[in-house]
Amino acid sequence: MHRSGQHDESDTPHRQRRLLAAVALNLLITIAEVIGGLLSGSIALLSDALHNFGDTASLGTSYFAITYSKKGANLSKTFGYKRIEVIAAFFNLVVLALISLFLIKEAVERAADPQPIRGGLMFAVASVGLAANIATALLLHRDARDSVNVRSAYLHIVTDAISSVGVVIAGVLVWAYDIVLIDPLLTIAISAFILYQVYHLLRDTTNILMNSVPPDVDVESVVAEMEGIALVRDVHHVHVWSMDEHQAALEAHVVIDEEVAPQMDRIRTDIKLMLESRFGISHSTLEIEFERCESPEDCL
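Read in order, the letters of the sequence shown correspond to residues 284 to 583 in the working numbering.
The hints are simulated quantities; they were obtained by calculation from the structure and are not laboratory data. None of these values were measured; they are calculated from a predicted model. There could be a bad hint or two in this list.
Straight-line C-alpha distance at most 25 Å; calculated PhoX-like pairs for lysine-lysine [stated by the list, open to error]: (1) K555 to K365; (2) K360 to K555; (3) K365 to K353; (4) K365 to K354.
Sequences are here, hints too, so could you generate the full structure?
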């Protein structure tokens, strides 16, 4: 994950417009697939509709999060609202996981008791859904690189597109050969794949919410580089965490000799510049001390 204190805010209005367009498109897909699924008797098509409904909620949440995250810091939220995008991503991923588990349950029940399916209608509706999912994915592709929140919504869309491909193929098989068992089996396969993808993004967002060390930052290397700064004798009480997906923060105690106290500001500046250039840590709080910590416990 790239770490930087700044990321491009100028494209935010365009991102919001693309998200709104994606919300409208996915809402139309959802309605069409619910009607098509009920008329055709396809649980795979209904599962695709349910995923698309999740997409619509995900995209709407993403729009809200991006809009709200632009609010600046205040006396009650001194870091601002940037982390709300991460919270929205976490919520979206949990919803997607729950939907997938529900669909697996429904598919198992349908496999045990197969129902007749109108393959032609299933194929036609799934084809329209696939085209719309591809269009939505193209709308969000650029934004997904810059925001974990949009990336989680983008994952919804991509997995839905993959799902739609499967449903199109299943529609052909049901239509041409009356292989109705393919419908629940496909639903299980798609849902399992989505759960696998969700796991990785959920791990990333959870780490941010837990104030974990960013995955691309090695704390031992950070301490070694800090202790390599001229006149620094020791570094302890080091804490590194992600404020959001773009900004990492650090706090630490830095020990110097008392006789070099007049150079304290220069030492602090040298450390801050090194942290930002070497590790992308843009927010650092450094407490200067003249004595080392006396025990390992004190150094934590």
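Outcome of the hint check:
Of the pairs offered as hints, the one joining K555 and K365 holds, with about 22 Å between alpha carbons and a cut-off of 25 Å not exceeded. At most 25 Å may separate the alpha-carbon atoms for a hinted pair to count; K360 and K555 meet this at roughly 24 Å. With a C-alpha separation of about 7 Å, the suggested pair K365 and K353 falls inside the 25 Å cut-off, and the hint holds. For the given pair, K365 sits about 8 Å from K354 by alpha-carbon distance, which is consistent with the 25 Å threshold.
Comparing the model with each numbered hint stated earlier shows that all of them hold.
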